[in-house]
Amino acid sequence: MHNYEHTIVTKQDLSETQTKKVVNKYEDLIKANSGEIIKTEEWGLRNFSHLIKKNKKGFYFHFKFKGSGKVIEELEKAENIDESLIRYLTVRVKEHDLKTNYFEKKIL
Amino acid sequence: MKRSKRDKKKTKNTKNTKLSLFQKPDTKFFKPCPLSGKDAPVIDYKNIKLLKRYLSDSGRILPSRVTSVSLKKQKELSRSIKRARLLALI
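Chains W and B, in that order, are what the protein sequence lines are.
Number 95 in our numbering belongs to position 95 of the first sequence; there are no gaps in the numbering.
Every position in the second sequence, counted from 1, becomes a number in our numbering once 1000 is added.
No lab work stands behind these hints: they were computed from the structure.
There are no misleading hints in this set.
Chain W side only, calculated, beta carbon under 7 Å to chain B, not exhaustive:
hint, residue
1, 49
2, 50
3, 52
4, 87
Across the chosen pairs, the derived CB separations fall in these ranges:
hint, chain 1, residue 1, chain 2, residue 2, range
5, W, 27, B, 1041, 29 to 35 Å
6, B, 1037, W, 39, 27 to 33 Å
7, B, 1059, W, 13, 26 to 32 Å
Pulled from the structure, derived: some chain B residues nowhere near chain W, Cβ distances all over 12 Å:
hint, residue
8, 1038
9, 1053
10, 1063
Beta carbons: idealized from backbone N, C-alpha and C, even for Gly.
Turn these sequences into a full structure, and let the hints steer you where they fit.
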């Protein structure tokens, strides 16, 4: 069992229900492969620093979970086919940092 | 006016001039690494504010000889900058 951080970027033209569906789909995938979700973060709609396949913006979702390497195999297999996703990134970490959220919206 | 300016320059120069080769310099050449030590910030691909400090205006990674980051931390930095680039955060 290792700690992983997983980030996905979805296309801009998805509605709220569609983005929720995408998030739930991957959360279920992690749980189905005996992974344990610790935290999910929503970074919201962000501008890209450069164009990616003619996309200017995207919704960011961030998962922190515990699991074996098989989870990631399954996740990336599903993500490669998924057309609503633009990018994904998995990073293995020693310990989850649950205190700081770099993309939290500042409350005025 | 001109004289006073010249005088100032002269006083500055005298600080850096060495009388002998074996004299220790007054100014420090060595800068400690800003990313290692006790209260150093955490290098992370999500911490864009920190990463942007170590990029040039055109988005290239600055060499450690300019920023005086240690070798270990420079490796960590470049890795996390490349991760942030993949997600189009920087």
